[in-house]
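Undergrad: Listed below, chain by chain, are the residues.
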Amino acid sequence: MKKLLGASIPLLAALVAFFFGAIMLVALGASPWEGLTSLASGAFGSGDRIAATLVKATPLILVGAGISIAFRTSVVNIGGEGQIVAGALLSTMVALAIPDVPRILLVPIVMVAGLVGGAIAGAIPGALKAYASVNEILSTIMLNIIMLQFMNFLLRGPLIDPLEVEAGTRIPQTARLSDNAALPTLVSGSRLHLGVVIALLAAVAAWAMLWRTPLGFRLRAVGHSPAAARSAGIKVERHITYALAISGSLGGLAGAILVFGSESQRMVTDGSTAGFTGSAGFNGIVTALFGGLHPLWTIPSAVLFGGLLTGATNLQRALQVPAALAVALNGIVVIFVVSSNRVRSRLEELLQARSEFKNSSGGDGPSADVDSLIEEVEHA
Amino acid sequence: MLLEMKGITKRFPGVLANDGIDLEVEEGQVHTLLGENGAGKSTLMKILFGLYQQDEGEVLLRGKPLSIGSPSEAIDVGIGMVHQHFMLVPTLTVAENVALGLKSGRGALTDLDAVSKRINEISEAHGLSVDPSVEVWRMAVGERQRVEIIKALYRDATLLVLDEPTAVLTPQEVDDLFVILRRMTDEGRGLIFISHKLHEVMALSDEITVLRNGAVTGHTRPSETSREQLAEMMVGRSVKLVPDRPHVTAGEPRLVIKNLEVKGDRGTMAVEGLNLDVCGGEIVGIAGVSGNGQKELAEAVAGLRRAEGSSHIMLNDVDVAQLDTRKRRDLGLGYVSEERMTDGAIGEFSVSENLILVDHGSEKFTKGKFLDFKAIREQGETLVKKFAVKTPSIDTPVSSLSGGNIQKVILARELTAKPSVMVVAQPTRGVDIGSAEYIHSQLIAQRDVGTATLLISEDLDEVIGLSDRIAVMFEGEIVAIIPSEEAERDKIGLLMAGVFDS
Chain A
1 MKKLLGASIP
11 LLAALVAFFF
21 GAIMLVALGA
31 SPWEGLTSLA
41 SGAFGSGDRI
51 AATLVKATPL
61 ILVGAGISIA
71 FRTSVVNIGG
81 EGQIVAGALL
91 STMVALAIPD
101 VPRILLVPIV
111 MVAGLVGGAI
121 AGAIPGALKA
131 YASVNEILST
141 IMLNIIMLQF
151 MNFLLRGPLI
161 DPLEVEAGTR
171 IPQTARLSDN
181 AALPTLVSGS
191 RLHLGVVIAL
201 LAAVAAWAML
211 WRTPLGFRLR
221 AVGHSPAAAR
231 SAGIKVERHI
241 TYALAISGSL
251 GGLAGAILVF
261 GSESQRMVTD
271 GSTAGFTGSA
281 GFNGIVTALF
291 GGLHPLWTIP
301 SAVLFGGLLT
311 GATNLQRALQ
321 VPAALAVALN
331 GIVVIFVVSS
341 NRVRSRLEEL
351 LQARSEFKNS
361 SGGDGPSADV
371 DSLIEEVEHA
Chain B
381 MLLEMKGITK
391 RFPGVLANDG
401 IDLEVEEGQV
411 HTLLGENGAG
421 KSTLMKILFG
431 LYQQDEGEVL
441 LRGKPLSIGS
451 PSEAIDVGIG
461 MVHQHFMLVP
471 TLTVAENVAL
481 GLKSGRGALT
491 DLDAVSKRIN
501 EISEAHGLSV
511 DPSVEVWRMA
521 VGERQRVEII
531 KALYRDATLL
541 VLDEPTAVLT
551 PQEVDDLFVI
561 LRRMTDEGRG
571 LIFISHKLHE
581 VMALSDEITV
591 LRNGAVTGHT
601 RPSETSREQL
611 AEMMVGRSVK
621 LVPDRPHVTA
631 GEPRLVIKNL
641 EVKGDRGTMA
651 VEGLNLDVCG
661 GEIVGIAGVS
671 GNGQKELAEA
681 VAGLRRAEGS
691 SHIMLNDVDV
701 AQLDTRKRRD
711 LGLGYVSEER
721 MTDGAIGEFS
731 VSENLILVDH
741 GSEKFTKGKF
751 LDFKAIREQG
761 ETLVKKFAVK
771 TPSIDTPVSS
781 LSGGNIQKVI
791 LARELTAKPS
801 VMVVAQPTRG
811 VDIGSAEYIH
821 SQLIAQRDVG
831 TATLLISEDL
841 DEVIGLSDRI
851 AVMFEGEIVA
861 IIPSEEAERD
871 KIGLLMAGVF
881 DS
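Chains A and B supply the protein sequences, listed in that same order. Sequential numbering from 1 applies to the first sequence in the working numbering. Sequential numbering from 381 applies to the second sequence in the working numbering.
These are computed hints drawn from the structure, not numbers from a lab. Predicted model, so just to flag it, every value in this text is computed and none were measured. Among the clues, some could well be false.
[Unchecked claim] Distance ranges between label pairs, derived from CB positions:
hint	chain 1	residue 1	chain 2	residue 2	range
1	B	Met467	A	Ile146	39 to 49 Å
2	A	Tyr131	B	Ala797	48 to 58 Å
3	B	Val469	A	Ser264	55 to 65 Å
4	B	Ser773	A	Asp270	50 to 60 Å
5	B	Lys643	A	Ile141	28 to 38 Å
[To be verified] Which chain A residues stay away from chain B? Per the calculated CB distances, all over 12 Å, these:
hint	residue
6	Phe20
7	Glu34
8	Pro99
9	Leu138
10	Thr185
11	Pro214
12	Arg218
13	Ser225
14	Ser264
15	Gly292
16	Val343
Every residue gets a Cβ at the ideal spot worked out from N, C-alpha and C, and that includes glycine.
Start from the sequences, fold in the hints, and give me the full structure.
TA: This is how it looks when you write it as structure tokens:
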């Protein structure tokens, strides 16, 4: 029952959001039905489009799984963008340094480099929060900006493609990276590459880590109650740092996949973070919330949001409405999902209270708590 | 007769919460409602306040049938309530808190001066000494409670319900509160006092009604009963209020504290040069008025609060003063914190998860890199059975258990680790009598197998009943150590208050 609730409420929220999206379409003078179908066909209408959607979903899965880990430890990670960039930069540098390593080795090496880069970018705000009480929301956001400027500096200077300097065009981009580092495509002729598989495996690993290992147990314990975790002998500061480092490492992996799964096979900057990440660091937060902060549920959630992003282009073309509509739709989903979490916890409490009524046999049972719960619910 | 509740019956699906309960309160009387958690006290009070409608029975106020549908109507007819958890806005002043929800004499504008003036009058008339201009967050717990009382008096409550008002108070604050309550009954107000602390009930009540499983199991007066009888009425069987303590010869010192200095939350020294030994097979109880450094002592020994550089805490001959909690636990320390919900257990975690909170990483509960859920479940089932934890299942979140059962979960976890040294703080605060009796027997059993136990409790009866030696703590130091044979309540009470020469 509880599980059913958990699954149905975000879907309900999505439906309500789409309803509001339909109203916006009407306001723009377009047919909502046509809008919906063009959105859907844009996202899932053909093999190519499905591939595009999955490619879009890949970084969202990774960042979403990472965000879930951080949030479960009660650490807010808004630094996905910076962590993606950090992972991309480190893996790019590794690929530039050792381009001739055979592909079977170089692909895993650059992926690990991505993990490490993101982990460093996560560990910094993590350690600052744990040992110096620096608010992680602020530090992760600020680190996004720092990483952006660092990327711009590297791509315009030390890492710039020598050909660009020669030609005098000075486009801020690296040289074309070693083909040995490129992620193999899954279906020949399509853009679908190994990154999707890596993301899926990472999401499963994140889930197993959180709910099946002692480390995950400790992270969740710290997330629920640092004081109780501390008295049980868990090193709270260290685990807060771990949480952000692990969360960041998944972002970093997404960064490496963005570089080595791209058609251009190089890192390019247009001066903004979103230009490189496609805002996956922020959209990943939405993905994670929509997935109920559960790494496995972030997978369908990421596919949905990935579809929304690819479908929006089609929507714009078919109905001549601004692509910003998809962004607005995105925002509406967030509002409903976040507020639905409140509804869900209320409903869960009520359900639990009911089941305890049945179980309690009077005496020293939990009925006193039930009394107060029911009272609370009645007041709400 | 101020209040009559006759034959009140309230059913919930599957539960008879109130079964034909009669309760009469006269003017100028303290009527105690005594019962374990879940006995039906709160349901009865919620009916009085119109939060629930009774299925059968009637409520008469000054002989007239009373039918109210909400707490605000209850206030209108002069029924007030002081909640166990204070209903105050911390950032507002006393006057603002009292004025909340009241009609102002100046229409849309607040009239805080007038409110303050009346608060001063009320507080003077009742000896409450509360400054209306102080923000609530600055106040001590006892003061906040006086604000709650003022709120009720301001609204002219003639019948006041006090829901476990002493749960959060120090013994001195309890004494002060009782003086205030007596003054209120002298004015002809009626009080319903809800509690499960027997000595307080005996001290304050005029009449006592005992509830168990939703029904009245006894109606009596302090002069006609004893604490043992009251406990029996509450629990339904005879209860040992003072545990049996077989003689055990104490062994070698296992916990040796030398020159311990610990800072309190405010940055001033809370423990100042404390020296204390606890031997194997011995319970040393700390007696002291709350706030004399007991909490800091317990946290420093557990490794949760920093001990100053010159301090030594020897745990089986290893100086652990600068080691972290994990290392101390590995060296054989068990710790039952005084804050069971914030420090002792994780409310959202299930019973079985809380039972492995300390040992989840040990070989016993892991298989390779993963948790061994079969072993964890087995541990949960075994301990729930062994420690008689009342829970629907081992997967139930701990937060929905009663205080006594949460404490049993924590104790089960700590005792199963077979600690060499135990620090136990307030083991039975807010715990029902049946569970308290069980917890006491477990602590004694642990002592009998050789554990060195440092017991910290505000309940002097508990300290005297359990301890082999009683260390009296005053202003951060141990001022006297008394063997249990020589323990006298009065003498210890004086030492606790800082009176040494007698």
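Undergrad: Under the constraints set out in the numbered hints, which ones does this structure not fulfil?
TA: Violated hints (numbers, rising): 2, 11, 12, 13; every other hint is consistent with the structure.
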